[in-house]
Structure formats: structure tokens, C-alpha cells
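Q: Fit chains B, C and D to the given chain A structure using the hints.
Listed below are the residues making up each chain.
4 protein chains.
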Amino acid sequence: MQNKMKAVIMTAPNQYGVELVDIPKPAPGEVLVKIMSVAICGSDPPLLAGESYQTPTLPFTPGHEFSGIVEALGDGVTDLKVGDRIAGESHCGCGYCYNCKSGSYNLCLNFGKLDKGHRHYGFTTNGCYAQYNSYNIKTLHKIPDNLSYDEAALCDPAGTSFNAVTLTGVTAGGYSLTIGDGPIGILTMQFARSMGSKTIMVGCGNRLAMSKKLGADYTIDFTKTADIPGAVMEITDGLGADEVFECSGAPGTTTQAIQSVRRGGQVALVGMSSITEMMVPVRSVILDQIHIHGVRANPNVTKNVISLFADGKVNAAGVITHRFPLDDIKQAVELFVNNKDEAMKVIIHPWD
Amino acid sequence: MQNKMKAVIMTAPNQYGVELVDIPKPAPGEVLVKIMSVAICGSDPPLLAGESYQTPTLPFTPGHEFSGIVEALGDGVTDLKVGDRIAGESHCGCGYCYNCKSGSYNLCLNFGKLDKGHRHYGFTTNGCYAQYNSYNIKTLHKIPDNLSYDEAALCDPAGTSFNAVTLTGVTAGGYSLTIGDGPIGILTMQFARSMGSKTIMVGCGNRLAMSKKLGADYTIDFTKTADIPGAVMEITDGLGADEVFECSGAPGTTTQAIQSVRRGGQVALVGMSSITEMMVPVRSVILDQIHIHGVRANPNVTKNVISLFADGKVNAAGVITHRFPLDDIKQAVELFVNNKDEAMKVIIHPWD
Amino acid sequence: MQNKMKAVIMTAPNQYGVELVDIPKPAPGEVLVKIMSVAICGSDPPLLAGESYQTPTLPFTPGHEFSGIVEALGDGVTDLKVGDRIAGESHCGCGYCYNCKSGSYNLCLNFGKLDKGHRHYGFTTNGCYAQYNSYNIKTLHKIPDNLSYDEAALCDPAGTSFNAVTLTGVTAGGYSLTIGDGPIGILTMQFARSMGSKTIMVGCGNRLAMSKKLGADYTIDFTKTADIPGAVMEITDGLGADEVFECSGAPGTTTQAIQSVRRGGQVALVGMSSITEMMVPVRSVILDQIHIHGVRANPNVTKNVISLFADGKVNAAGVITHRFPLDDIKQAVELFVNNKDEAMKVIIHPWD
Amino acid sequence: MQNKMKAVIMTAPNQYGVELVDIPKPAPGEVLVKIMSVAICGSDPPLLAGESYQTPTLPFTPGHEFSGIVEALGDGVTDLKVGDRIAGESHCGCGYCYNCKSGSYNLCLNFGKLDKGHRHYGFTTNGCYAQYNSYNIKTLHKIPDNLSYDEAALCDPAGTSFNAVTLTGVTAGGYSLTIGDGPIGILTMQFARSMGSKTIMVGCGNRLAMSKKLGADYTIDFTKTADIPGAVMEITDGLGADEVFECSGAPGTTTQAIQSVRRGGQVALVGMSSITEMMVPVRSVILDQIHIHGVRANPNVTKNVISLFADGKVNAAGVITHRFPLDDIKQAVELFVNNKDEAMKVIIHPWD
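Chains as they are written, first to last, in the working numbering: chain A, 1 to 352; chain B, 1 to 352; chain C, 1 to 352; chain D, 1 to 352.
Next up, chain A with everything else stripped away, as it sits in the complex (with noise of 0.2 Å):
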């Protein structure tokens, strides 16, 4: 094995590019992964312009939904063997914090705080937008000979997913909605189904088309349609659905969530966008008594989504559209932040 890799290295904001790095060792605990594909996430982006909630160290390399093989061992790892087929998650808990100890290890108390153990990767330390990085056993979950590498790179996402059907619950036999037809928009309508849910999913043009293909069972075009909320209720015989997830982020979504979800239902807060306070209709959710659920990361889900990955109950596949070598990072990221091309999960390949 050579000393050097290719890695992308942001160094100030909105400056990038691939270079040639030492490659990680590493530590008691970690093994280095040789990666073999990264799944751009919708945060990366805004870190690499600087703009993220998170700002890290500079330099530093980006990256967290990734897949790999496992190419070294750290000192006490008995559990991996070089040549296992991993995936991995972005959260790795310090481990001993109340948060940790209880299973909530996407909210450690010790977050960011490299010197307790603390790892969010590819935010507060280095990522996978490399051909190798080394990684917190905690956070590798070894893949099924059936899931190819792509796939398993949506991992992480599709884990976001799976900890927003978890917070709220599935009603089988019962509706759900997702409003946000983005990738993990999809994922999520995806889980739901996969848990017994008729899926109701709100967006727009080739992403609404997606849906459908990808088992949405009703499609609310919200450029055509006024009233998002009646056209829920008329779905649901005027009950509102049981679960709604909002995936897109945007201003006006959470109140038509609210308006939605039927009296005594769930709804999940799942997309992040640039907004930090948003109106919402207080008095509904005091008078129909609705449960509003923030949705962090994707603590303890990766072993139940790579299983209904390999089985065929979701289909992470059908949201990749686009894949690049490394080196075509910067046109990789454009094509993605613009939606060119129709573009939904965009993969790299760092060793293509």
C-alpha cells in the first residue's frame, strides 16, 4: 500500500480541490477504510462555502455517506477483518456522556470535542471525500454481498430517515405524508411504505415522478395545487394522515404538516435548510393535541437499513442519478446544488 492518497481539501471558504495527502493511521478503536463511494449530502455543500452551521478546522476534507473496505485494523479491533464490506454512519458518540450511555449517541454531550473521544466525521474531523479515511469501529456496520457500494453509501442518509419513522412511529394500514421529494423525501416515503403506511408524497416534476416509481401510492403537485393540507384530508376521508415528515426545509411546510396530521398524530421535522425560526401554528397543535418530533442523524438504524437495502423493501438505487470520479468533485457538487440534469443523489467514486 503507497503513503499517499488522493483527497478533496476545502482551505478557506468556497476554496477546494483534490491533493495528494498522507494517508490516515489508525488509532486503538478505528480501522482505515479504503473508500469506495460518497453520496454528496445537502449539507456538504453549504460546509464547503462556508456556511454551514458547523464550521471545522481548516483544512480539512468533507465527506459522510460513504462505503468502503476495510484495508487496515487498529490496535484492539477484533470484530472487522480487512476485506469486510462496510458502511458507515457520521456519528460517533464519545461513549461515557448520559446521551451516549442511553443510546442517544447522535446527541452527545461531549459533541465536537475531539479530546473525549467525540467524532462527527467529515464536520468537526476529516470525511470521505478521499480514497481512504480512518473510522470509530462504533460507526462501520458490515454489507451484504447483494448491496453494491453505491447503494450502501446512502446509508447515512437513508438512516435519517429511519430515525424519523422511529420517532413517530408507522401506522400500519394508516397514511402517511412526506412533503419534500429530495432524497431523503424519498427514503422516508420509502421506510414508511416498508412499514405498512400508504404513502402520500408532495413535490413537483421528475422528483414527484421518482415518488411515484419509487412507491408513493397518491402525489400532491404542490405547484398545482393550492391546498395542500384539503388535498391530504380528501385522501384520508377528512381524518388527516397518521405521520407526516417534512423533508424540505422550506418556509410554510411545517404549518401545512401541522394542518395535515390528523387530530392526536406525529410529525416529524426532518429537513434542515437555512432557516432557523419559522411561524407555526401553535394553537393547532395545543387543540389537536399533535406531537412534533426534531430529527437529528440516525442513531441505531444503520443495521435495520442496510437489511431492508439488501432485501429490496427500499430502493436506495432509484434516487442515484449521476456518478463522478474525485477528481470532477467541483462539477460533481455544481451539477448537484443547482439540480442539473434532473440530478437527486450524486456519487463519487474516488477511485474511478
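Among the clues, some could well be false.
Derived lysine to any residue pairs resembling SDA-like cross-links, with alpha carbons at most 25 Å apart [stated by the list, open to error]:
#  : chain 1 : residue 1 : chain 2 : residue 2
1  : C       : LYS313    : A       : GLY318
2  : B       : LYS116    : C       : LYS25
3  : C       : LYS113    : D       : THR236
4  : B       : LYS213    : D       : GLY312
5  : D       : LYS116    : A       : ALA310
6  : A       : LYS116    : D       : LYS303
7  : B       : LYS116    : C       : SER284
8  : D       : LYS313    : B       : LEU239
9  : D       : LYS142    : B       : ALA231
10 : A       : LYS303    : D       : GLY112
11 : A       : LYS25     : A       : LYS142
12 : C       : LYS116    : B       : ASN110
13 : C       : LYS212    : A       : ALA310
14 : B       : LYS113    : A       : LYS116
15 : B       : LYS142    : D       : ASP237
16 : C       : LYS212    : A       : ASP311
17 : B       : LYS113    : C       : LEU73
18 : D       : LYS303    : A       : SER102
19 : D       : LYS25     : A       : THR78
20 : C       : LYS113    : B       : ALA27
21 : B       : LYS113    : A       : GLU234
22 : D       : LYS303    : B       : GLY215
23 : A       : LYS313    : C       : ASP237
24 : B       : LYS313    : D       : ALA209
25 : D       : LYS116    : A       : SER102
26 : C       : LYS113    : B       : VAL77
27 : C       : LYS116    : B       : ASP79
28 : D       : LYS116    : C       : LYS313
29 : C       : LYS142    : A       : ASP237
30 : C       : LYS142    : A       : ASP217
Far from chain A, some chain D residues (derived; all Cβ distances over 12 Å) [as the list claims (entries may be wrong)]:
#  : residue
31 : PRO28
32 : LYS101
33 : LYS138
34 : LEU140
35 : ASP221
36 : THR302
37 : LYS303
38 : ASP311
These are calculated hints, taken from the structure and not from any lab test.
Glycine included, every Cβ here is placed at the ideal spot set by N, Cα and C.
A: Same frame as chain A, but now just chains B, C and D:
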């Protein structure tokens, strides 16, 4: 028994007074209750002013927080007998819709439809500002001898508090924060305390003093504290409260609630005001994975409330400051609305 | 409409036959239902033999799994109309006890007390082995046109299965184990599957073959497998099933259930037999922190069952093997009891 | 600091005594703890006798209920400092298996595997019957000044009680029943009480008297009561207890627990004995839809326990009856095992 009774009759917004009217007869499944004590709810004055979110058909008798004595039985009633001392709750579901059958009769899908059996006493049908009223037995609960009628009249509002602590859960050995030191706030704080929580109360003046006397472990005077969430963080070792109860309905307090809760914590929205929409820091809700629960009324809790009152674990009498005969209803309402004379819970005695 | 109907009348243990009797009139809140399809439940033959845990007052008409058409309305009924196609459930709570009000009408505290409004149709009051019967509207649910009467007759037993999966929860992407391949077992397996579980079924012979056809991902033939838990561990990578549904009621299977579930997993006891007590490995329950749920009937689930049936996510028709006219009731019961001719669910048609 | 310490060394079943041995060095992520107080657990004597369900590698130092002072820090420890007063818990998960990551480190899938980081102090690795021991910081919690070392030594067993009340939930204003008035039973009763429950205790003699003194609202002397469930029904208006905690491990009490709980209620199995199997009335479990939870140890609860101890809501000191120096370990164990001199919780002081 005579066949006329005194009752408050509202004939138009802001037009009401005590009149002699027929005593209502109990229908099958109902009993006639001799009303012994009535508490004025914060939602009564807006209703009398024609500014409620619910508009009753006039003429109308308001009131829904009460206790009394069973005076006569409707057909088919075998579980109550004449002379039983009872406390009431205001919501009576249709009994056969999905929400009623599954325990959420406060969210009855036939809300407001009298022909389908739903009653919201004091809102959609006559209430307890009277010497008698008939009630479906679903809404009545026997009270022990050591519970006074005045205390028992608080079972309905206290039930909203109990629903709040039920929806959030209460962390025994943890911290809860209550924002708003009106009767509902102080009762909510007491229930949280009875379930093992260390309680923090935000308020001011005599009400905050009352909170302290009734069990608040920590008090924050909002007139003297610029940074409420900061003060909460100081008390809670920088972690935030496990549960936050927003009981004021004031603009801005929902944001305070969200900023004061721990990562992954629970927020209950209890206080309702004339405000229908509020700015909410949704990004924080997502990043800290916060759970928000609208709280409507008091399903399935009156039994528990009675028990905690009777055992002295929650002090209902402590929030009662004034008592008036029914004839002085206007004076009582005026004192209550304007918080005159340090008024908290104001009681009406129909038989004084 | 004529005023006489055919009905099965039981006059003593093991003494029953079809007779002409008066058509019952619907009381207020009830409707008269023309029974179109009846399924024989495993609890019907013991009841006819006088060996049930519940003893009805004789003469008596059993049966509680049915579908039909609304024929006439009792007073006050506005939500159903003559001609509506409906499916029924057997439990009708009093509607005002603590359990009913909080959603557990299957556990009504006034169970068996007719004067308090409780009905357990086909157990404590006449059932559906007849051409007509009157039912409280709380127990009836409209069915869509694409659901046949025979399928709809299975809503009641399928509701027990749905209650089981509700009480345990189902891990999407995980494994569930169902022990017992009778109709309830196969329906339970299908519901778990519809909620994203990989399903393992323990059974034998034609029933196990039927399980496979209806969606069991793995089958274990207990006649050929000495170590059932060992076989489950092999399938589940040594971890055990996330949820185990004991649907056989056989001695020993509860121990198998506990030995086959993962550490911290969920076990539902669904199958009831003549056995009232069993040896249970309590030390394992403690050391592996296992959760065991008794499952009684089908509260608040019929709507969901109808939806999953109608959408083809759960195949009800697949477990139906035989159909008889009402006049052949004895032949039908005998075939059912003795599992003759590979009988699974046996249907009675009162109007054939 | 010297480099030798006193420790109890077990060399064979029933062969143990105090010896001078090397003080263990803290590994990375560990600290060395000066043990100030140790409580004898009911599981210690069987372990010393070689009759435990877990067999340690000999020679071995038992003990897992302790408090102490941080004496030295291993590499990478920043959250504790020398001189900190701490309480410990016995389970230390591997930190990366599915159960650990999702909060159930008491059910670690790598249980007993030292090479994977799991520790069950005092069971699979040396414990606290010594003047010093090294512990992973995951298992240690700072204690406030007003909590004595003796009280703090009870955090570990009390955590099992707290886990029990967490798994069942506690109905504020309802009734809980605790069967078994040993230290775990009395602590469980107190926790239920701190969460608003009216408490019923089954026991006898001085322990039942102690229960009463420490907060049991009702006591049932099993030596004088033929029908325990009947006595519970009398106290609870014929409904049964909302939660039942089986803390005795005696044959027959599991059946009493199930017969004493309300329809739809919760039963926790806490008490473990030499019995591995018991007869359980499964039919009642099904017909009354009862939920049974095995309770193992104390995940994620020590913080809450410390808080309730320190605030005086649960009286830990009240169950302590005897104190011995480490040199008298045999005398202490003998007194404890034989319940001599009304012994309840027996404390060892390694430095006396």
C-alpha cells in the same frame, strides 16, 4: 326538589346574568348533579366576551370546572347513586369514533356534534355556572370524603396538567421547568414534583412566591432575569431541563422552552392564548432532537388527580384565593380577569 | 323483511342445531346486520362443548367472526346507513369504565355485565351463527368494495394478530418468529411482514407450506428440528428474533419463545389452549431482560386490518380452505376441529 | 501511595480471605478508585460459594456495590479528577455492539468478553472487596457532598430498582405492589413512591416494619395472610395494582404478582434466586393482557438514583443495618447470608 334553579345565562357577547330557569332532566346514561363548587377557568371570560375559539349557541350557561352531588339518575345508570359526591371533567366523547375508542376522547372526531353524543360541557352545551346540570356518567368521578368540593372543582384543570406530565413523561431525579405561574402552571409543577422531578418555575411576584410555597425547588423571576434559558442551564449543570411545560401562552416563551430543554428532551405546550401562531426555532428542534407535545385537556386522568389531591401530594387548595356566591358572578369574573387582589383560582358557590 | 331467521341454537353442551327464531331488534345505538359470512374461531368448538373459559346463558347462539350488510338502524344511529357493507369485532365495552375510556375496551372492567352495556358477542350475548344479529355500532366498520365478505369475516381474528404486533412493536429490517401455523399464526406472521420484518415460521406439514406461500421468509418444521431456538439463532446470526409470537398454546412453546428472542426482545403470548399454567424460564427472562405481553383480542385495530387486507398487504383469503352453508354447521365444526382435509379457516354462509 | 493493598481473594469455592496484593493500574479510559464503602449484594455469597450463574476465573476479588474517591487517572481521562467522590455501577458494555449503542449496555452482546472491552466488575473481572480497584469511567458517577459513602455504595443495587420502575412505568396516583422486603424490594417500593404511587408491600417481621417506616402505605404480612391477591384487591377497590414488582425470587410469588395486577397492568420480575423455572398462569396473562418485564441491573439510571438519594426522596441509609471492616469479611457475609441480627444491607469499610 323544586323545578327551577339559578343559572348564569349568556344571551350575547358580554351580556350575561343570573336567572331562574328550568332544572335540566338527565337523559339515559346521565345524572343530574347539584353543583357545589365551580372554578373559573381562564377560557371562561373570553367565551363570555364572545372571543373564544369556540362559540356556543345562545342563550348559554358556561363553566366546566366543578364538583357536586348526584341528585337524580337517568335511565340505565347503575354505577352512581343519589348522594354520591363527584368531580367532573368537561370532555365527553361520542364513544364510538376511532379516537374515542382508542382513548383520546379529548380529540373526539365528532367534536361539537350533539346528535352524535359528543359534549364539551360549558362550551358546546350548557355548563356548571348553575345550581344543577345533567352530565353523562363518563365524565363524573366519585371523590373521597377528605376532598372538599372546592378542591374537587379543580380536578378538571388539574387534569390538563396531568395530561401534560403524562405526554412528556417525568424524569424522576431529573429537572422540570414550568414557564407560567398561573393555576395550571403551579398545578403542573406540583404534579411533576409528585413524580420525582426537581422543579424550576418561571414567573414573578406573588404567584412566584406561591409557587415556591407549593413546591418549586427553584424559581426564576422573569422580570429580573434577562436570559431565562441561561438561568435554567445554570441550575441544571449546563444540560437543560428534562421536561419543559409552557403554561403561559405568551409570545416568546415557546422559544424559551425549546432553548431550556436538554438535548433529546420533551416540551409540552399547555398555555393557550389569543395567539394562534408563533415563531419557533425549528433548527434547534431538529439539531437537538426535541419532542414537542400539544396538550389538550384531560383524558383518562381524573382518577389519578383525585388520588394525588386526596393524599396531599398535590395541593389544590393552595391555588384558591377567592370565593363568591353565584349572584356575584360578574364581580368574580372581573377580579379573575384583572388578577386583582392577587387572585389565582376563583371559586363560585352556587348555593351560597 | 320476514320476522324469522335461521340461527344456530345451543341448548346444552354439545347440543345445538339450526332453528327458526325471531330476528332481534336493534336497540338505540345498535344496527341490525344481515350476516353474510362467518368464520369459525378456535374458541367456538370448546364453547359449543361447554368447555370454554366463558359459559353463556343457554339457549345461545355462538359466533363472533363475521361480516354483513346493515339491514336496519336503531335509534340515534347516524354514522351507518342501510346497505352499508361491514365487518365486525366481538368486544363491545361499557364505554365508561377506566379501561374503556383509556382505550382498552377489550379489558372492560364491566366485562360480562349486560346491564352496564358490555357485550362480548358470541360469548356473553348472542353471536353471528345466524342470518341476522344486532350490534352496537362501536363494533362495526365499513369495508371497501374490493374486500369480499369472506375476507372481511376474518377482521376479528386478524385483529388479535394486529394487537400482538402492536403490543410488541415490529422491528423493520429485523426478524420475527411466529410459533404456531394456524390461522392466527399465519395472519400474525403476515402482519409482521407488512411492517418490514423478516419472518420465521415454526410449524409443519401443509400449514407450514401455506405459511411459506403467504410470506414466511424462513420456515422451521418442528417435526424435523430438535432444537427450535438453535435453528432461530442460526437464521438470526446468533442474536435471536426481535419479536416472538407464540400462537400455538402448546406446552413448551412459551419456553421456546423465550429462548429464541434476542436479549431485550419482545414476546407476545397469543395462543390460548386448555392449559392454564406453564413452566416458564423466569431466570432467562430476567437475565436477558425479556418483555412478555399477554394478547387479548383486538382493540382499536379493525380499521388498520381492513386497510391492509384491502390493499393486498395481508392475504386473508389465503387462509380460507372451506365454505359451508349454515345448515351444515355440525359438519363444518367437525371438519374444523379435526383439521380434516387440511382445513384451516372454515367459513359459514348463512344465506347459502 | 503504597503499591500494595488489602483485597479479598477467592481461590476456590468457599475459600477466600484478605490478602496483600498489587494495586491495579488504570488503563486508558479508566481511573483508579480508592474504595471507601462496599455493600454486600445477595449475589455475592453464591458467587463466593461457587454457586453463581456466573463463574469468574480464580483467583478473584468479588464485589460490585461501592463508592470511593478517584485516586489516579488513566490516559485520556478528562472528565474526572483526583479527589472526586464517586459511586459506581457494575456493568461496563463493550460500547460498540448493537445493544450498547442503543442504550442497553446491561445486555451487551459481548458480555463476558474482556478482549472486547466488556466488564462486569465483581463477576467477570475483579471487583470492590478491596482497598482499590480500577474502573472504566463509563461506570462512575460523581456524588454530591451531602451523600455519604455508605449511601452511595447502594447506587448500584438501587439502580436495579430504578430500572424496574422505568420498565413498568409508575402510575402517579395509582397503586404499586412490591413482593419481597429485602433491600431491593424496599428500595423499589421507595422509588415507586417517589414517583407518586401508593405503595403496598408484602413481607414479614422486622423487614415489613422497616418497609412501613420507609414509606409503604400498606403492608401485607404473608405469614398471616392466606390470600395475598385478595388482600391486594381489597386495598385497590377490586382492580388490582397498576404495577407489581416481584423482588423475592421465591416460588409462587410470580403467580401472586400476576393475580394481583390490574387488567392491562405491568409486572416486573426483579428477584432472582436459585430457581430457573417457575409455573406461570399464562392464561391469566393472556386474558388480562398483562405485561411482564425481566429486569436486569441498572442501565442509565445512576444519575437519577444519586439525585433521589441526595434529595432525601429515597432513603438509602434506612436499609443499612451493619458495618464491618474488610478484615471481618467472613463474619459480615455469614451475618448477611443468615439474616442474623435483623441484618438487611451490610456494609464493608476497606479502610477501617
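Q: Could you run down the list of hints and mark each one as holding or not?
A: So, going through the hints one by one against the coordinates:
no.: 1; hint: LYS313/C <-> GLY318/A; result: holds, 22 Å
no.: 2; hint: LYS116/B <-> LYS25/C; result: holds, 21 Å
no.: 3; hint: LYS113/C <-> THR236/D; result: holds, 21 Å
no.: 4; hint: LYS213/B <-> GLY312/D; result: holds, 19 Å
no.: 5; hint: LYS116/D <-> ALA310/A; result: violated, 28 Å
no.: 6; hint: LYS116/A <-> LYS303/D; result: holds, 20 Å
no.: 7; hint: LYS116/B <-> SER284/C; result: violated, 51 Å
no.: 8; hint: LYS313/D <-> LEU239/B; result: holds, 22 Å
no.: 9; hint: LYS142/D <-> ALA231/B; result: holds, 23 Å
no.: 10; hint: LYS303/A <-> GLY112/D; result: holds, 23 Å
no.: 11; hint: LYS25/A <-> LYS142/A; result: holds, 21 Å
no.: 12; hint: LYS116/C <-> ASN110/B; result: holds, 23 Å
no.: 13; hint: LYS212/C <-> ALA310/A; result: holds, 20 Å
no.: 14; hint: LYS113/B <-> LYS116/A; result: violated, 59 Å
no.: 15; hint: LYS142/B <-> ASP237/D; result: holds, 13 Å
no.: 16; hint: LYS212/C <-> ASP311/A; result: holds, 17 Å
no.: 17; hint: LYS113/B <-> LEU73/C; result: holds, 19 Å
no.: 18; hint: LYS303/D <-> SER102/A; result: holds, 12 Å
no.: 19; hint: LYS25/D <-> THR78/A; result: holds, 24 Å
no.: 20; hint: LYS113/C <-> ALA27/B; result: holds, 21 Å
no.: 21; hint: LYS113/B <-> GLU234/A; result: holds, 21 Å
no.: 22; hint: LYS303/D <-> GLY215/B; result: holds, 22 Å
no.: 23; hint: LYS313/A <-> ASP237/C; result: holds, 20 Å
no.: 24; hint: LYS313/B <-> ALA209/D; result: holds, 23 Å
no.: 25; hint: LYS116/D <-> SER102/A; result: holds, 20 Å
no.: 26; hint: LYS113/C <-> VAL77/B; result: holds, 13 Å
no.: 27; hint: LYS116/C <-> ASP79/B; result: holds, 8 Å
no.: 28; hint: LYS116/D <-> LYS313/C; result: violated, 43 Å
no.: 29; hint: LYS142/C <-> ASP237/A; result: holds, 13 Å
no.: 30; hint: LYS142/C <-> ASP217/A; result: holds, 22 Å
no.: 31; hint: PRO28; result: violated, 8 Å
no.: 32; hint: LYS101; result: violated, 6 Å
no.: 33; hint: LYS138; result: violated, 4 Å
no.: 34; hint: LEU140; result: violated, 9 Å
no.: 35; hint: ASP221; result: holds, 39 Å
no.: 36; hint: THR302; result: violated, 10 Å
no.: 37; hint: LYS303; result: violated, 6 Å
no.: 38; hint: ASP311; result: holds, 18 Å
Checked against the numbered hints given earlier, this structure breaks hints 5, 7, 14, 28, 31, 32, 33, 34, 36, 37; the rest are met.
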